[in-house]
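Asker: Here's the letter readout for the chains.
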Amino acid sequence: MAYKGDDLLEEVTNKDYEYGFVTDIESDLAPVGLNASIIRLISQKKNEPEWLLEWRLKSFELWQKMTEPEWAHIQYPRPDFQSFHYYAAPKQKKNPKSLDEVDPELLKTFDKLGISLDEQKKLTGVAVDIVVDSVSVATTFKAKLAELGIIFCSFSEAVQEHPQLVQKYLGTVVPRSDNFYAALNSAVFTDGSFCYIPKGVRCPMELSTYFRINEAKTGQFERTLVIADEDSYVSYLEGCTAPMRDENQLHAAVVELIALDGAEIKYSTVQNWYPGDDEGKGGVYNFVTKRGICHNRSTISWTQVETGSAITWKYPSCILKGDHAVGEFFSVALTNKLQQADTGTKMIHIGKNTKSTIISKGISAGKSQNSYRGLVKIGKNAENARNFSQCDSLLMGDRCGAHTFPYIEVENPSAQVEHEATTSKIGEDQIFYCNQRGIDTEKAISLIVNGYAKEVLNKLPMEFAVEAQKLLAISLEGSVG
Amino acid sequence: MTATLEMRKSQKIREAVKNAGCFSNSATREADQQLAELDLPHFKAEAWKYTRVGYLAATKWSANPTSEIYDISHWKADPEEANTLVFVNGYYRADLSSLHEMPAGVIVTDLKTASEYHPELLEAQYGKHTVNTEVFTALNAAQPFGGLFLYIPDHVVVERTVQMLHLVTHEDTIAQPHHLIRVGENAQVKLVGTFGSINSCNAFVNSVMQISVGKAAHVQYDKLQAEDEGISHICTEYVHQDAQSTFKINTITLNGKMIRNSLHISVNGKHCETYLNGLYVGKGRQHIDNHTQVDHRVPDCYSEENYKGLMDEASSAVFNGKVFVRQDAQKTNAFQNNGNILLSRDARVNSKPELEIYADDVKCSHGSTTGRLNEEALFYLRARGLGKHSARRLLIAAFASDVLESIDNKSVRAMVNRYLQDRHNWSFD
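Keeping their order, the protein sequence lines are chains D and U.
255 is the number that this note's numbering gives to position 255 of the first sequence; each next residue is one higher, with no gaps.
Offset between the second sequence (1-based) and this note's numbering: plus 1000.
Check the hints yourself; a few may be wrong.
As the list claims (entries may be wrong) - Cut-off 30 Å, straight-line C-alpha distance, at most; resulting in silico cross-link-like pairs (DSBU-like, lysine-lysine): (1) U:Lys1270 - U:Lys1363; (2) D:Lys380 - U:Lys1283; (3) U:Lys1044 - U:Lys1009; (4) D:Lys355 - U:Lys1270; (5) U:Lys1322 - D:Lys346; (6) D:Lys380 - U:Lys1322; (7) D:Lys58 - U:Lys1044; (8) U:Lys1331 - U:Lys1283; (9) U:Lys1388 - D:Lys380; (10) U:Lys1112 - U:Lys1331; (11) D:Lys355 - U:Lys1049; (12) D:Lys454 - U:Lys1331; (13) U:Lys1049 - D:Lys352; (14) D:Lys65 - D:Lys168; (15) U:Lys1270 - D:Lys367; (16) D:Lys454 - U:Lys1322; (17) U:Lys1112 - U:Lys1009; (18) U:Lys1270 - U:Lys1049; (19) D:Lys65 - U:Lys1044; (20) U:Lys1044 - D:Lys321; (21) U:Lys1044 - U:Lys1012.
It is worth saying that the hints were derived from the structure and are not from the lab.
Using the sequences and the hints given, assemble the complete structure.
Answerer: Structure representation (structure tokens):
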């Protein structure tokens, strides 16, 4: 074949991680290892109330009795949980009041990542709550949000200032005993984001958090809690990049979304953590538990673009508890080199007239393994539930794998559940068609793959769509060899 | 050590079938050894997530070789023509069977006779493609009660259908038929398997079948499972396809207490075609589980799967179809479809169509739908004067028709229609 795809593919699959760099900031580190006294230390450092310490210790107790899940289609050396630092805070002079007070090294890091705070403040109207190794550094637009009664702050701040809200909702969607990693997170989470939208408020801007894993050998245990009160609306963005490391880094976040009656939450993620080098060395282990609960007439919409991490184990889910609740899941997962992804969603229909949509687009290249694993469960009382799932996989190169494991459990006859999946490489006839009309092969591939992922990319907010397209573009070329 | 063995549920059944086999050789002894290490699957095992089999150890099973005469006429496919081998409680009954003259070189006999007259042929085939780490396969392979031994030499077309007719007759009976079929290069055969019972009793049928499909051979297998409501059936098939061969199987499950079909198809030569169709109809508290696996090991093959389920009352169904495409199996085309209709409030379906693909130049897809009969279609028919039941029946018939039409053997199709008419009052003619 005359395609120069092979070279392109080579180039693409060998492309080094662009965002790999280490910021030199002194860190306040907890000793290596995990035990009850480390948890007490974390809790004490963060000046937490007694109930939260109890909650952490109980989680730790549960975690000790659990074993790591092994059912996923991923293979990796089991991390030694006693070899991590469970707490790392960048050293700073008190809390900064403006950007001038922020460590210039940190600001440089953000510049490299392309998130200039000033620019964000002025141009995009995005409020950014930046998390560098577990402690919030700067929060913008807080005042503006406060006017509307919206609370958007770091998790530790919320614990101090809104303990009643945190206590009421923490662990209600992802219980401590939910799974191994959720239990671990519940025991040792250091920080994260907290968001509360009051009744009837439509959040005027996209709320955004940039996560950064920074200190070597620190597990990052984020805890995010988003509560949308009755008839409110919020769009939440989460984006990730991580520096180059030789040691495998563990990330076990928990995200809980609560959409009360009539509320709508849009949660978008772009994940581009370090996937490891050509031999699969280094790279982030990403074991995330994300789940939302929908009350009556509410909507939760997950959109994710997953391009990074050596291991991705992630199933953003919706529990459609209320009547007329809607759950959505839009995902593009791209794996390259030796990356492994086992990702998908769970849609649990409990309420009447509930609807869910799943659109998953997998792209695997290099020697990677990309699996979709999803559950659609229609409970006995979920009258007139409706689900549509579409899971497509695109293969580039003959040494990668694409797998689909959908679970469909229906216990109510009024349900209508449809699932379809396809796996293929880009159709040569499609390329031929484009060639015939004067579009060269490279452009044709880009056109076809763009179209392939468009359904999902369209769901992303503007700022993210651009970043996501950029991330995907790297791998678009040379997909036919 | 003894204590742990006693605790294992599988060992109870192993004891029950001890010395019940019709022959023994090194392969059966090996299977028995493997069985000693295995237990009944726990629901935490992925392949048994939705199907409970632990209760099988609660009954004290016994093998029941009987010489009673039964009327088998309504179970017969092509009564005048076919070679019908009858297995009562898993044991071959020469007196009830009817064998016709076959083309030269074809051996059609039972397993016991084969072990006496063709031990070298039997040894070459027995256990060749079965997987003894599966507890029910090992259980069967250690003590095969009886079975069809069919050897078709190269370039022979067998015109007459070969039928395996199974009956279970007694309470607490365990039956373990084991069929061995070898179809030579360029040969052709049509098989029919019927599973029925004389009394509605608590019985357990654990059947295993192994089919080698030679190069460019054609094999068609129509399987009808219509045992009474007390009978548990675990039915495992291992199919090995060589290049350019075609294998078609229709699995029709109409009755039984708990039915588990495990169909393993391994495609080992280029340009093979594989067709799997299934229809399962549940009623009462029946549980029907269909597991299929098509393992594409080589390039340029085609497989197509279509399973349809109609679940009434408090019945439950499981569908787990797996298409496995290995790294070398480029240019594989594999399609999989599963449709389910729930006819009552208490019916349940768990569907898991899987694709596991390691090659890039493939076209694979699967689809799964679950729902009830289309309300608008029902309304349309009723607006045109059809009664509620006729309208439902018509839509059910339309839903099941593509699978029913794929049944090759006319008398099996008639059996199915008759059964659906009697049991569900659906007429599909």
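Asker: Are the hints correct? Go through all of them and say.
Answerer: Each hint tested on the structure:
{"no.": "1", "hint": "U:Lys1270 - U:Lys1363", "result": "holds (16 Å)"}
{"no.": "2", "hint": "D:Lys380 - U:Lys1283", "result": "holds (18 Å)"}
{"no.": "3", "hint": "U:Lys1044 - U:Lys1009", "result": "holds (16 Å)"}
{"no.": "4", "hint": "D:Lys355 - U:Lys1270", "result": "violated (44 Å)"}
{"no.": "5", "hint": "U:Lys1322 - D:Lys346", "result": "holds (20 Å)"}
{"no.": "6", "hint": "D:Lys380 - U:Lys1322", "result": "holds (27 Å)"}
{"no.": "7", "hint": "D:Lys58 - U:Lys1044", "result": "holds (26 Å)"}
{"no.": "8", "hint": "U:Lys1331 - U:Lys1283", "result": "violated (41 Å)"}
{"no.": "9", "hint": "U:Lys1388 - D:Lys380", "result": "holds (25 Å)"}
{"no.": "10", "hint": "U:Lys1112 - U:Lys1331", "result": "violated (43 Å)"}
{"no.": "11", "hint": "D:Lys355 - U:Lys1049", "result": "holds (26 Å)"}
{"no.": "12", "hint": "D:Lys454 - U:Lys1331", "result": "holds (27 Å)"}
{"no.": "13", "hint": "U:Lys1049 - D:Lys352", "result": "holds (27 Å)"}
{"no.": "14", "hint": "D:Lys65 - D:Lys168", "result": "holds (26 Å)"}
{"no.": "15", "hint": "U:Lys1270 - D:Lys367", "result": "holds (25 Å)"}
{"no.": "16", "hint": "D:Lys454 - U:Lys1322", "result": "holds (29 Å)"}
{"no.": "17", "hint": "U:Lys1112 - U:Lys1009", "result": "holds (29 Å)"}
{"no.": "18", "hint": "U:Lys1270 - U:Lys1049", "result": "violated (34 Å)"}
{"no.": "19", "hint": "D:Lys65 - U:Lys1044", "result": "holds (18 Å)"}
{"no.": "20", "hint": "U:Lys1044 - D:Lys321", "result": "holds (26 Å)"}
{"no.": "21", "hint": "U:Lys1044 - U:Lys1012", "result": "holds (21 Å)"}
Consistency note: the structure conflicts with the earlier hints numbered 4, 8, 10, 18.
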